[in-house]
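Using the sequences and the accompanying hints, generate a full structural model.
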Amino acid sequence: MQGCSSLYNNLQKTETDKTCLQKFKPKFSSALYSAKIDVVGKHLSGLLVIKKMPDSSTRIVFSNEMGFTFFDFEFQQDGNFVVHSIIKQMDKKAVKKTLRKDFELVLMQNLENKTSYSFKDSSFLYTAFPQTKGTYYYITDLNCSQLVKMQRASKSKAVVEAIMENYVNDIPDTIDISHKNFQFDIGLKKLER
Amino acid sequence: MKSSGWTKCVICKPMNKAILSFLLLIICIVSKAQYAGYTLVSDIAKFKEQFSSASQKTQTIKSDFVQEKNLSMLSEKITSKGKFWFKKDNLVRMEYNSPFQYLMIINKNNVYMKDGNKENKVATSSNKLFQQINKITVDCVQGTALNNTDFKFKIFENEKGFLVELTPVAKNLKEYFKNINIVVDKKDYSVNRIDMIELSGDNTVINFINKELNANIPDALFTIH
Chain R
1 MQGCSSLYNN LQKTETDKTC LQKFKPKFSS ALYSAKIDVV GKHLSGLLVI KKMPDSSTRI
61 VFSNEMGFTF FDFEFQQDGN FVVHSIIKQM DKKAVKKTLR KDFELVLMQN LENKTSYSFK
121 DSSFLYTAFP QTKGTYYYIT DLNCSQLVKM QRASKSKAVV EAIMENYVND IPDTIDISHK
181 NFQFDIGLKK LER
Chain H
194 MKSSGWTKCV ICKPMNKAIL SFLLLIICIV SKAQYAGYTL VSDIAKFKEQ FSSASQKTQT
254 IKSDFVQEKN LSMLSEKITS KGKFWFKKDN LVRMEYNSPF QYLMIINKNN VYMKDGNKEN
314 KVATSSNKLF QQINKITVDC VQGTALNNTD FKFKIFENEK GFLVELTPVA KNLKEYFKNI
374 NIVVDKKDYS VNRIDMIELS GDNTVINFIN KELNANIPDA LFTIH
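From first to last, the protein sequence lines stand for chains R and H.
The numbering used here puts the first residue of the first sequence at 1, with every later residue one more than the last.
The numbering used here puts the first residue of the second sequence at 194, with every later residue one more than the last.
None of the hints are false.
Calculated cross-link-like contacts (lysine-lysine; reagent style DSSO-like; alpha-carbon spacing at most 27 Å): (1) R:Lys36 x H:Lys274; (2) R:Lys36 x H:Lys270; (3) H:Lys328 x H:Lys347; (4) R:Lys88 x H:Lys270; (5) H:Lys328 x R:Lys88; (6) H:Lys404 x H:Lys380; (7) R:Lys92 x H:Lys367; (8) H:Lys301 x R:Lys42; (9) H:Lys364 x R:Lys42; (10) H:Lys311 x H:Lys270; (11) H:Lys281 x H:Lys347; (12) H:Lys270 x R:Lys190; (13) R:Lys149 x R:Lys180; (14) R:Lys149 x R:Lys189; (15) H:Lys345 x H:Lys371; (16) R:Lys190 x H:Lys276; (17) R:Lys101 x R:Lys13; (18) R:Lys96 x H:Lys367.
To be clear, the hints were calculated from the coordinates, so they are not data collected in a lab.
Spelled out as structure tokens, the structure:
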């Protein structure tokens, strides 16, 4: 058992069935989102392309409406992360690390091969994936029929909360990622092409 | 030994020549085909004069546009469409309406952007890069691109138009763009197409269609509230 200050420490452990999460994993063959990012008072909007590549990696490219690329990231199947390009203003270790973790949380890549444990309370089922630093939580209803929210948490509190909603053809129409300890919100709305 | 040396001589020397002339041919083709169908214009002064005198006659431009961003590594293309207005001096309105809503107004040194319901006002003076990028757009349509010292340029032509190849000289622009190419219509020197090529090889092309020159455009379209 974890210390008494831990997040969710008072919850009852249950059998792990992470296969139930598979249905919430977005199947981004190629999706275009309108994106809004708010960072400590600054507002940035643009377009985000999420594309599954033939080698099973996922590319995320963010540009402004006029076509100017802000960043191009690659999330490899084995968990490796490659920055293909990033504008100088964003090229900071903390920014890249934060974006990497935020997108990893919602991409749900390779969860089936990761160690996990589950627990529940009266309304929700929590599936936890411990990382080297912190833990990813996927919170569903007790039947695991609906993904209520996702969290990245330190030992004692949630650092990031995210939701994916209104799946059409296994791709969520809305993705919202929001940080708890400073203003950093990413809002994605799927565009029909 | 001797005979093989002799054979080498006979076979290889013409071979070398053949390879050399083949290489020269390739180089010729490649350098000519830099822009397929275009040839380099040597009299730049004349072009500049015609370009600026024609653009002096252009007080306003009203046009539709189709923008295509090509992500080469991803084999993806993002196409968007909208309406474009330009009025002298330094007034530009670009209104994207498909597949997203986005409005950008350049009014002298200020830029106003609106995505969905979120408004954003930027004094371009506070952001050097933004200022330079906006200057490109305005310069391109206003015909002053050739006086912009952030770039060096080359001019090419075919029977229908001129292609102005801008290569950034300014350091911060060099970090993003390999070239910005502008295709100008020969009949009225108006801009048909702007192609921004990033260092990665990805590019964004804006094609201006249904152009109307010197139509009456109210100033209110460029008002930043």
